[in-house]
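Same order as they appear, the protein sequences are chains L and P. Just so we're aligned: 536 in the numbering used here is position 536 of the first sequence, and the numbers increase by one with no gaps anywhere. Just so we're aligned: 3 in the numbering used here is position 3 of the second sequence, and the numbers increase by one with no gaps anywhere.
Incorrect hints may have been included.
Which copy? The list can't say, so a pair holds if one copy fits it or any two copies do.
To be verified - Dumping the calculated DMTMM-like pairs for lysine to aspartate or glutamate here, alpha-carbon to alpha-carbon at most 25 angstroms:
(1) Lys641 with Asp42
(2) Lys679 with Asp717
(3) Lys267 with Asp715
(4) Lys471 with Glu488
(5) Lys619 with Glu344
Derived from the structure by calculation, the hints contain no laboratory data. It should be emphasised that the depicted structure is a prediction, and the values quoted were computed from it without experimental measurement.
Number of protein chains: 2
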Amino acid sequence: MIIKAVIGVLCAAVVLAIGIVIGHFGINNSSAPSWLNDVAKDVDESLIEKFLAEVDTIHIQENLRELTDVPHMATTPGDEKTVQTMLRRWQDADTGLDDAWREEYNVYLSFPDPNNPNKVTVVDAANTVQHSIREREKAYTSDQDDPEVVQPYAAYSPAGHAKGKLVYANQGKPSDYEQLSQTLNLTGTIAITRYGGAGRGAKAINAAPYGVVGVLVYTDPLDINDGLMSDTNETYPHSWYMPPSGVERGSFNRDFGDLLTPYLAAKEETYRIPPENIVGIPPIPIQPIGFEDAYILICALGGDAAPSEWQGAFNCTYNYGGPGFKPTSEFNNSDVKMDIYNKEVIKNSANVMGVIRGSVEPDRYVIYGNHRDSWVHGAIDPSSGTSVMLEITRVLGRMVKQGIWRPRRSIIFGSWGAEEFGLIGSAEYTEQYFAKLSERTIAYINVDIAVFANATLRASAMPSLQNVIFKASKEVNAPGESSTSVYEAWKLHSNRTSPTHGVIPRLGYLTGAGSDYAAFVHYLGISSIDMSYTYDRSKTNARIYPAYHTAYDTFDYASKYIDPGFVSHQAVARTAGNILIRLADSLLLPFNCSDYAEILEDYLNTAVTLYQQQLEAHKISIEPLKRAVAMFRTNAQQLEKMIHNSDLANETPLKVRRINDQLMLLDRAFLDPLAFPDKYAFRHVIWTSSSAGKATFPGLADAFAQAESSGLDSDWDKVHYHLSVVSQAIEGAASTLADVI
Amino acid sequence: MIIKAVIGVLCAAVVLAIGIVIGHFGINNSSAPSWLNDVAKDVDESLIEKFLAEVDTIHIQENLRELTDVPHMATTPGDEKTVQTMLRRWQDADTGLDDAWREEYNVYLSFPDPNNPNKVTVVDAANTVQHSIREREKAYTSDQDDPEVVQPYAAYSPAGHAKGKLVYANQGKPSDYEQLSQTLNLTGTIAITRYGGAGRGAKAINAAPYGVVGVLVYTDPLDINDGLMSDTNETYPHSWYMPPSGVERGSFNRDFGDLLTPYLAAKEETYRIPPENIVGIPPIPIQPIGFEDAYILICALGGDAAPSEWQGAFNCTYNYGGPGFKPTSEFNNSDVKMDIYNKEVIKNSANVMGVIRGSVEPDRYVIYGNHRDSWVHGAIDPSSGTSVMLEITRVLGRMVKQGIWRPRRSIIFGSWGAEEFGLIGSAEYTEQYFAKLSERTIAYINVDIAVFANATLRASAMPSLQNVIFKASKEVNAPGESSTSVYEAWKLHSNRTSPTHGVIPRLGYLTGAGSDYAAFVHYLGISSIDMSYTYDRSKTNARIYPAYHTAYDTFDYASKYIDPGFVSHQAVARTAGNILIRLADSLLLPFNCSDYAEILEDYLNTAVTLYQQQLEAHKISIEPLKRAVAMFRTNAQQLEKMIHNSDLANETPLKVRRINDQLMLLDRAFLDPLAFPDKYAFRHVIWTSSSAGKATFPGLADAFAQAESSGLDSDWDKVHYHLSVVSQAIEGAASTLADVI
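Take the sequences, apply the hints, and build the full model.
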């Protein structure tokens, strides 16, 4: 009986236990919802390893081959072909994205007239042509013979006919024309300038006030070919150097975005300003030429010898010009004549957009983009970047289609149109979706030219992103290396000593508008990254890779001279993709605001060193700026301490979201839409462009330079104004990092 | 045996069941975190009932008594006393908030000189004074005798001495001076104008181009006292009407915020523009006077009779002026002389801030505010609102201190300083915390003058808030009523027929800058509400309550004539507090974007009716605007359908947060910081101020009026520009309502 009772109790205990187990695990507990694990999920390191392993050089190479099949200048049939390529890839059932579509804008472009090419000639007094500048680059392969290769020209140069004596104006900087005008009367002259030192259009804008009637621009072999200039054995196809007839094309406008629709997306019925109201474009004709012709013109110039800083690599003395050619030259008394037939036209340009929808926070976007349009075949610019983007989307798309991955946040890919004409596709996109993108975008990653050269990573970004860039670059092998990381190679080539981190790679700043990050950084205030593989600067003086914007930027050039084996492309794809996955998947955004504080302190120290004494002399206190930066540092530290003390995976998802919003929106707090009225769409008071050339707050630096130069009270007032603007912005940003109110 | 077996099975079943129960409910399920209920919690209706029950007329009355104890013009000792009152209340251990503090700004104010009062006199050719305008209002109670009662003056009128022949310029509108100048040469004259029709400062700004050297302004009994003007039996203290010596003070600046620090918070070291660069202030002296004196001056005027629309309530004909007085008057040939000694000074003004920290989403703010400063005792303006705010914070604070309530979101209370000088405290606050407030604020509720009169609720708001205002007002009894709700009484007094809702109360729009909502609506784009109890317009023509900005706006006046028993104050406190709790506690924000769509459609219909024909004649298509509004409607409906089909309490909290962010940020999408360069801090393209007087898109309406008047192509271009601006803004807003990308 006792045994029976014991057995009974034991049985009952077993049954009870079974009941408890069933009750605990078997019944859907209404207080333990199914989404609980999803919202707490962090980045999956094994998935990143899988991604890195799958990024493949052959795919990148074949992407590049397809993209560079024909010239694809914006809005040409070749451009439409690449639109179709992008759509087909991104809509692929096995390796595509969730969705892909095109978005179109009607944008203001400028082209030469194929039926009436631009001409530059040397003519004598009877208008007899003594020399004609080459109208097309010399063809070394069939690529360059394609009839779709656009004649070298200066987009947005006005059409017109100019004739005058030639002068040499160095780089066409204001100081160059100023100096030249002290020797010569420039009225009625044509100025020849070399690339570099000033913006393309600026070379004409700076010239016009002196009465110059036309400008030529060329690439001096000193600045691009390390001095070499023979096409028989030195330049492409024998090396990466620009052949003598090579010409850098380009857009010669100052502002980015469609020029007729400032701050408005360029839709069909959108208001357009009258073209005569466009600012920042050349007021006089300008035309780029090859150094083969520039050599003939410059070495024939009369007048005094230009100073040594003006001398290039030609084997002659660069004279100012008499104005005009020297008496001993065959061109004695001749003029240079420019006949420019550029036409402005409103054309339909497409962005191609693709998206992977986020699972947990679909309303948070990580955007990755590059432009699609080139000047000619654009193997390096931009197709190296597009090839990388397509390889990233192939690998990620396949993981999505296989159901093994879906990012926490949404990822948007943008293949921008008409970048070469002034970042137009990306700018119009930010104008059309201003509110949505401002509110929801975590970060923008731009990979335009993915590989300039094979030596080292180059990355520019907001400082808050330094850490994730470092982390990703440590996990990727340097091209062709098995034990050195991208990070190590980078640190070797370019480094700085951080007060916090010691010796680290030098991250650049996004202070300009060199690619499609511009609208994201400056107009929207979105934390952005621009990256590529690039040169060992100890080995070349080239301003940029020598085939840039020429007809020689082809698949052959890229695969032979820029990245044989596509290993640098692969390294960039791996690094950028790694960053992208971390931004999209990390529970806590991988942003570090103390790294931002370090750069603000660095800027502050520079400002104190350079300006404090003179500011005090003008009764302007720099103390508010010091207080603002100190407050930013304190609040950044407190936020990080709070994060450190939190168990984010187990707290309410709204707490993580709150912190992530603080991190995401940090750069937005630096925007001031009224601080720089003369700089189109520049609103970020820390990173806006500056002409003062100081590594400090740009508005302050420019205003200070102006005030120091003019000495006017009203200019010192502007210094004070910019000091207040930047102090308030930093304090405002700091307050967003503080505890919630 | 069978029975035993059955019993055994039954016992086992019972034990199993017990086990299941224990397992299910008795063991803390590790996958069911403690915060799960908190994040899904919705507004507690019983708590709202408790709140409504506790709002008490006696407390409001005693708040008002304390706040109006002494005059408390901005930055005076009386103002500091109210700062201390607010801090003491909000820091109270039993009924206070979580935290309260003061925030200070150094702001540009304008005061008369107590040692050298402004004088207006009638002088003869020998400069002998024939009549002196009263310098202080007549005292009927000891309140008005307080030496701290500021002399009536026009803040921001320049100091100066003006002398000239008097003319009558009606309301000082541009058309008034235009008309007057067709009869008279206005050079060197002094113009007397009545309040109404044009902004205060505008009466002087409009006058100056005609050579007018000084302006007087008074309140005509027609416009405020329903014609009554005797202090022996008709006006206060016998009724609510303004006594003959009563003078409406005011600020005479056009723009809001500190005038020296546009877009910058006015801290000690902030950059200040030179005072001579201030725009929108009177260029010539202006001084307000009582109708007692105005009567003497106007009835003595010579010249032709002014038109009937210019005639007021005086028992004489309002003549234009000869210029000057009529020959039969004792003032024949006399001048009016103005000696204005106003001084501008930078003074320290405080906002008092208080906060209840949110439990679940502390980084979402509902802001409730009112200004604290008055012109004199300010019983109605603003202390009626402050009394209401203090009663709301007392009831809510007590619930917090007792631990029975903590809102889901944070609530911020603002007691703004220096509103009377141009909404300065609230504007500086929005400038200092621009980024944080833009990113996190759900809504702003403004209750300035809580009670103008006892007849009906008046509320103006963004249309998305209509529904929560209606809901709250249905739950509150109309003052002194037990069966009629505030909503019903409101609908009776002022209604419209909505295509969706049928007959509903008429909600106003926040198109102006009449109180501290201005910076929140126009500068930050935050969905806002401004509300009060107000008149039965069928019973009075008064522009506003007659003691407005006079020395008669006292506790005695308020409690006797405006709201005996404080029942309207109570109704406003209950309604506003109800709205506040719903905004702070609702799981899903009580915003309705279809109601926004309805108003946009209404605006569109008006625009089509008024403008389409002429737009087409000028080759401007209105189609983009139609498409944008249609897209807004479609996306609003889809969002609401998605909400309707969701079980928000059981889905991831991030989904609710996503929808709430869409709702919260909707108004932000309408901001354009560059669309209205001539209107300080006006950025909201739907609600910005307009002079065209049409219930449609303001930028379009104003541009159209200008183009229609001038006929210039460049003005039609501006019409097209504004059409594009508003179309893009609405489309941008619509896209934020769409599915996530």
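These are the hints, each one checked on the structure:
Taking identical chains as interchangeable, the C-alpha atoms of Lys641 and Asp42 lie at most 25 angstroms apart only when both belong to the same chain, with a minimum of 20 angstroms there against 32 angstroms between chains. With identical chains, the CA atoms of Lys679 and Asp717 are at most 25 angstroms apart both within one copy (19 angstroms) and between copies (23 angstroms). In the homo-oligomer, the alpha carbons of Lys267 and Asp715 lie at most 25 angstroms apart only across protomers (21 angstroms), although the nearest pairing inside one protomer, at 40 angstroms, exceeds that limit. In this homomeric assembly, Lys471 and Glu488 come within 25 angstroms of each other (Cα to Cα) only inside a single copy, at 11 angstroms, whereas the closest approach across copies is 63 angstroms.
Proximity of Lys619 to Glu344 under the C-alpha cut-off of 25 angstroms is restricted to the inter-copy arrangement: shortest distance 22 angstroms between copies versus 50 angstroms within a copy.
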